[in-house]
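Build out the structure end to end from the sequences listed, making use of the hints.
2 protein chains.
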Amino acid sequence: MIYLDNAATSFPKPERVYVEMDKCMRQYCANPGRSGHRLALEAGRAIYRTRERLCRLFNIESPMQVVFTSNATEALNLGIKGLLKEGDHVVTTSMEHNSVARPLTALKAKGVSVTYIGCDSKGHLNPRDIERAIKKNTALIIITHASNVTGTLMPVKEVGCIAKERGIPFMLDAAQTAGIYDIDVKDMNIDILAFPGHKGLMGPQGTGGLYISENLDVLQMKEGGTGSRSEELDQPIVVPDRYESGTPNTAGIVGLGEGVGFILERGTAAIRGHEEELTGMLLQGFSQIKGVKIYGPANPRLQAGVVSINIGDGDSGEISYILDRSYGIATRSGLHCSPLAHRTIGTFDQGTVRFSIGYFNTREDIEAAVRAVEEIAAEIV
Amino acid sequence: MIYLDNAATSFPKPERVYVEMDKCMRQYCANPGRSGHRLALEAGRAIYRTRERLCRLFNIESPMQVVFTSNATEALNLGIKGLLKEGDHVVTTSMEHNSVARPLTALKAKGVSVTYIGCDSKGHLNPRDIERAIKKNTALIIITHASNVTGTLMPVKEVGCIAKERGIPFMLDAAQTAGIYDIDVKDMNIDILAFPGHKGLMGPQGTGGLYISENLDVLQMKEGGTGSRSEELDQPIVVPDRYESGTPNTAGIVGLGEGVGFILERGTAAIRGHEEELTGMLLQGFSQIKGVKIYGPANPRLQAGVVSINIGDGDSGEISYILDRSYGIATRSGLHCSPLAHRTIGTFDQGTVRFSIGYFNTREDIEAAVRAVEEIAAEIV
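Top to bottom, those sequences are chains A and B. Residue numbering for the first sequence follows the numbering used here, starting at 7 and increasing by one per position. Residue numbering for the second sequence follows the numbering used here, starting at 7 and increasing by one per position.
No lab work stands behind these hints, which were simulated from the structure alone. You may find that some hints are simply not true.
It does not matter which identical chain is used: a pair holds within one copy or between any two.
What the hints assert, rightly or not - DMTMM-like cross-link-like pairs, simulated, lysine to aspartate or glutamate; straight-line CA separation at most 20 angstroms:
(1) Lys114 - Glu237
(2) Lys114 - Asp240
(3) Lys116 - Glu92
(4) Lys296 - Glu381
(5) Lys296 - Glu324
(6) Lys116 - Asp240
(7) Lys114 - Glu238
(8) Lys163 - Glu137
(9) Lys114 - Glu92
(10) Lys170 - Asp193
(11) Lys91 - Glu381
Keep in mind it's a predicted model, so treat the numbers as computed, not measured.
Written out as structure tokens, the structure reads:
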């Protein structure tokens with residue numbers, strides 16, 4: 007199996023992720039932050055270590071500002087719904103995933119209005135359009151760091167500057183970039199950063215998180231046992247407890263810590279370098295095949311390791327199926343939970359076949375993918 | 007280490023839980039329900055298998071009615087907030103955990119009123135008190151199945167009958183009982199069942215779930231990518247997708263499936279029998295020690311495998327600390343995130359030392375715990 011579906015979840019993980027998760031499960035997976043016995047304390051320390059590593063990776067000041075969630079979707083819901091009130095206005099883009107667009111749609115019923123800035127047909131955002139869309143009641147600017155459909159990288163730093171100048175909270179959806187690109191919440195003026203644990207950060211599924219600037223008062227989404235201030239029936243406002251009711255995913259967070267540890271050792275430059283090289287190879291290979299249409303920038307420097315194509319008018323689902331069945335190549339077809347992005351690039355009806363690259367892919371994987379598409383194109387075009 | 011903190015999280019787990027989780031992580035942990043390639047399909051099948059097993063355990067009709075959450079707290083928040091609207095009234099008990107009491111407290115600001123039925127000093131609930139508290143606008147009855155402080159078993163069947171007769175949805179918090187007691191959603195007239203995956207069900211942390219009767223329209227708490235109806239910006243209402251936005255905790259759910267598989271093989275009667283025997287031993291042993299006060303029914307047939315005590319006026323935290331440090335016995339002290347229950351039994355200031363029994367505890371563990379408490383009591387009383 008050649009796995010090119012890393013934008014859905016990265017696979018495989020570094021060996022140390024498997025090893026430490028299994029060790030945690032077998033040796034110290036007590037309930038952290040609840041009881042005071044040694045196993046519970048060991049579990050608590052392991053979770054804290056993951057917070058610290060995420061702080062190093064994202065240049066976050068305090069580990070207490072890192073909130074664990076079950077995935078990026080939960081993090082986005084928490085940030086979006088916890089911040090926005092009736093009468094607020096949001097600026098976002100036409101390249102967002104449903105994990106941003108659907109919570110915003112749900113908030114319309116509560117009197118929140120949204121402006122979707124149109125991106126061009128390659129998914130590029132003009133930051134000046136963000137600026138022009140700002141209203142008096144704009145309470146949040148939220149953009150994806152890189153499209154999960156085309157890989158198009160967004161002008162995060164420029165948008166962060168605009169947000170800072172105008173005093174508007176800036177939220178970044180780093181679903182496709184955390185662990186691969188340098189993300190510096192201070193340098194980029196990011197007030198809220200949502201990230202999955204199981205993609206570029208190389209942790210297991212069931213993990214993700216949210217960085218919340220200490221200047222923001224974000225309402226929690228869930229109340230419950232926090233192990234702190236147990237005597238009170240009101241949810242405590244101490245962070246991260248306020249947002250982490252209930253027993254956490256200890257083994258998962260431990261695995262995430264190992265993934266982030268792996269990234270900190272290798273460095274994001276090396277990781278991004280590898281993915282950029284393979285993305286370049288894939289784009290180059292596809293560009294030579296008659297009948298293949300590449301979406302997005304088609305330039306490895308301007309996009310994440312995500313390449314969407316179609317072959318003639320072929321059904322994207324069928325091509326993805328052939329890639330799996332006949333070539334053992336895992337891709338994802340259809341709309342990728344991002345109908346807005348597909349409308350933007352003109353593929354709402356056909357969808358695309360998406361190849362997404364991870365750190366453990368090799369040049370041989372890419373060569374095999376190009377050969378497979380060549381053969382399929384020769385058949386159907 | 008003698009682990010007697012199973013009410014916080016069960017430890018250890020059956021070997022098959024560790025083995026299958028590691029296998030999933032290493033071999034097939036793709037993104038289920040998103041892509042169509044063979045790894046994604048294998049992950050999807052594994053998740054479905056867990057749903058099926060939970061249906062067998064709880065006598066739930068369709069696997070589609072089982073919603074996975076990250077823990078019981080999330081399940082309770084989803085059920086409570088998804089069902090209650092402004093002007094609604096809720097009947098609950100004075101033995102509830104903060105995972106019930108805090109969401110209800112938060113809803114007061116939204117115009118939901120709550121009646122807490124007082125239980126007696128052993129934690130017993132009179133179901134007639136539930137009936138008497140019902141008002142015209144009562145929209146939910148929610149009780150715990152067993153107190154996490156005293157273990158007191160609640161009259162679930164009687165309350166379920168009352169709820170059915172009056173046409174009011176009945177929600178059960180099975181945090182301390184799922185996997186150990188027979189829970190039959192039809193027989194007990196349970197409309198919503200919230201359960202953790204990492205306690206009696208023997209799965210890993212980061213798992214839990216909610217059964218929702220098909221007759222109820224529960225609003226989702228999060229919107230996002232579901233892998234279904236991706237073209238729509240409105241959250242799809244198909245279940246369980248409506249409630250499971252974002253990538254699930256695949257390896258965790260696989261582990262939960264193995265825990266439930268283990269339970270289905272052994273049978274809850276055998277599991278409950280073992281815990282009841284050890285609970286009886288522990289109660290019997292403690293009852294002989296001068297200065298030890300036992301809370302709750304002090305009768306193994308009337309309580310879950312949870313025994314709370316104090317030794318004289320000794321600080322519960324200090325005693326729990328001595329048990330850990332000097333005897334290698336893991337317990338939990340304090341309020342156990344249940345201040346209401348501690349007020350009910352009169353231990354709000356002192357807290358209690360809680361011993362909670364799991365399937366893998368042995369008679370030797372219990373003997374050691376009794377000896378340790380004997381020695382500590384001899385020192386401090």
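Structure-based check of each hint:
1. In this homomeric assembly, Lys114 and Glu237 come within 20 angstroms of each other (Cα to Cα) only across copies, at 18 angstroms, whereas the closest approach inside a single copy is 37 angstroms.
2. For the identical chains of this complex, Lys114 and Asp240 are inter-copy neighbours only, at 11 angstroms across copies versus 28 angstroms inside a copy, given an alpha-carbon limit of 20 angstroms.
3. Taking the shortest Cα distances, Lys116 and Glu92 sit within 20 angstroms of each other both inside one copy (6 angstroms) and across copies (14 angstroms).
4. Taking the shortest Cα distances, Lys296 and Glu381 sit within 20 angstroms of each other inside one copy (11 angstroms), while across copies they are farther apart (83 angstroms).
5. Taking the closest pair of Cα atoms, Lys296 and Glu324 come within 20 angstroms of each other only inside a single copy of the chain (18 angstroms); across copies the shortest separation is 75 angstroms, beyond that limit.
6. Taking CA atoms no more than 20 angstroms apart as the test, Lys116 paired with Asp240 passes between copies only; the shortest distance there is 14 angstroms, against 24 angstroms inside one copy.
7. In this assembly of identical chains, Lys114 and Glu238 lie within 20 angstroms of each other by CA distance solely across copies; the values are 15 angstroms between and 33 angstroms within a copy.
8. For the homomeric pair Lys163 and Glu137, the shortest alpha-carbon distance inside one copy (13 angstroms) is at most 20 angstroms, but the shortest distance between copies (60 angstroms) is not.
9. When the C-alpha separation of Lys114 and Glu92 is checked against a cutoff of 20 angstroms, the pair qualifies both within a copy, at 9 angstroms, and between copies, at 19 angstroms.
10. Proximity of Lys170 and Asp193 under a CA criterion of 20 angstroms is satisfied intra-copy only: 11 angstroms inside one chain copy versus 58 angstroms between copies.
11. For a Cα distance limit of 20 angstroms, the shortest separation of Lys91 from Glu381 qualifies neither inside one copy, at 53 angstroms, nor across copies, at 58 angstroms.
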